[in-house]
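Enquirer: So the chains spell out like this:
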Amino acid sequence: MKKMGLIQLFRRNRKLLWAGFLALILIFVITFPLYGGPYNVTVLTYVLLYVVLAVSWAMFSGTTGYMSLAPAAFVGLGIYSMAILQRQLPFPVIIVVGGLVSFAFALLIGLVTLRLRGIYFAIFTFGLVIFLSELIQYLETTIRGAHGWAIIPMSYTMLLYTALGLAVVTVLAIYFLRRSRYGLAMLSIGGNEEAAAHMGINTTMVKVLGFAISSMFMGIAGVLLAPELIYINTNIAFSTIYSFMPILMAVFGGMGTLYGPVVGAVVFAYLETMIRNEFPRYFLPGFGITLVVVILFLPTGIAGLMPVLRERLGRLRAKLWKGGQAEQHANT
Amino acid sequence: MSFWAACPCVTQRAQQQVSIMIERVPQLIVTGILQGGIYGLLAMGLTLQYGVCRVLNITHGEFVMLGGVLTYTLGINLGINPLVSAAITGPIMFVIGFLLHITLFRALKARSPAQPVFEGSALLVAFGIMYVILYIAQIGWGGLRLPTTWLAVKVVFGGMTLFLNQIVAFAVCVVLGVAVYLFLSRSRLGRAIRATAEDPATAGLMGVNINIILAFCFGLGALLAGVAGPLSAMITNPSTSIGFQNTVIALIVVTLGGLGSVPGSFVAGIIIGIVSMLVIGLWQPILTVPVYYGILMILLLVRPTGLLGKR
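Taken in sequence, the protein lines are chains A and B. Residues in the first sequence are numbered from 1 upward in steps of one, following my numbering. Residues in the second sequence are numbered from 1001 upward in steps of one, following my numbering.
Heads up, some of the hints might be wrong.
As the list claims (entries may be wrong) - Facing chain B, a subset of chain A residues (Cβ under 10 angstroms, in silico):
hint, residue
1, M205
2, L248
3, L271
4, M274
5, P285
Claimed, not checked - Each pair of labels, with its calculated beta carbon distance range:
hint, chain 1, residue 1, chain 2, residue 2, range
6, A, R117, B, G1294, 54 to 64 angstroms
7, B, M1160, A, V293, 22 to 32 angstroms
8, A, V293, B, Q1115, 51 to 61 angstroms
9, B, I1020, A, L271, 51 to 61 angstroms
10, B, P1147, A, I275, 29 to 39 angstroms
11, B, V1117, A, Y282, 49 to 59 angstroms
12, A, F297, B, T1305, 32 to 42 angstroms
13, A, R115, B, V1117, 54 to 64 angstroms
Derived by calculation from the structure, the hints in this document are not laboratory data. Since this is a predicted model, take the numbers as computed values, not measurements. All C-beta atoms, glycine included, are put in the ideal place defined by N, C-alpha and C.
Please take these sequences and the hints and turn them into a complete structure.
Expert: Structural data, given as structure tokens:
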């Protein structure tokens, strides 16, 4: 009976409990540098940045169904803005610039490809990483005459707080975006684009803006990722891992929801940093197989599993109750 | 020279450079056509897989890479030359492709509520498989370039120096391309494939075993990639990291030729081959992909259906 009371309590104060839970997480992250040690703080920063990447990928591709295969291109743009501008401008300005560069580039790509069917968008974004990396390599050799940039390391506590701020801003922005007209428009494009267009939604504009906004967050995440790399060149900055991991995380967590990608990012970013040193060769094939298996057997991800589990649990409880009553009936 | 006399601002040295460049153009174009045969073969496989199975197979380049590195292994262990190993890797890739479709993509198709959903999730599945194949190959073969070039004999033909291996590879590509085209347009199975591409449900009602046809097509696409691997390994040494670039080239060629059009992709392959050789020879090798992207961007703005695609 006491257990039932607890469930009732959860039900009644769900919002309050969520707020408390989030506040606890925030406090945990903020106080983490006091007892975590430098390495763990770096890992936590990494996790937060992957949360940003996964959430912003799912914001566009998960809702509209237009699969962007190029988060790495925007991350790389962010990393390069940091590398080039670090000695000239203060850090907050670089964050803004990195975001704007990615935003503008995504706007350009979107205007070219998003008028067309999704398959052209996928084709175009797939090679974007290699396009940008080769173009920048060419510009580097002709203008500067040298490859690669050294990046001045930054205080890891400051990076953690900036990453936390970015993650909070991203999640909040996407939370409100999903509830706004634009979010609904993107969702309806994912459902049936023709119908959405007939309802009076300017589908191209919505898609282009959504893509640009999600790319902006990826670019900023790239700016924050740069100081931990210490040295970068085009191969390091435009590594396809930054495309693969956010997609894996978002799919694992559930593309259609907000909290799914967050869960996926926390799980896989942590897993990656833990496994990377022990199985340097086997963890990536393992992650690839995970992606395939999740799409096949769990297309809605962990988030899709939740309602099923809840229902199962409810049915089990009802069965137990009813079972008891039925026995009584049988006895009488 | 009268042309140069009109503009005195151009220095003597620049004039010489330009005339050397112009002399190299026919040579580059012929080399480009020969290289384009392989691109065409590659793209034919991809376009077949997308046009019939509706899977944009971004694993395609990894199959090429597997063909290349297997050529190295076969050459080292059994002393087989790349042409013979193309006849071995092709069927191996066919089996892999067939099994992939009949297990993964068929299950995915059965679970997807609508066509766009299937295309999206098939894309992500292919994306996952790409990484699996890439990193497993890196465990097996490492990251270095493997020596496989064969028949690197110079042939002087009409003032141009070509290599015998380029000519042989191009001949094989043309023969295979024509064979696939004839197979699709003339044979009974080819007619079944075209019917499936057009309307799977009706084709099924007419007695076509759709699941087998789709898997067969996917396997055929993989076979073409598996043949293109050894052929390109004959000309340049393969490494485990060439897959991504090959996929990008194949995707751009397919878009240029028109998604789903088999002859279109072969023609577009030759065009892209010429463009790539001109960029490499006259400008900068590193700029090939940016130039492809320029072409792709203009194409998507002007005529997204490609050269020979249907409206």
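Enquirer: What are the numbers of the hints that this structure violates, sorted from low to high?
Expert: 1, 3, 4, 6, 7, 8, 11 and 13
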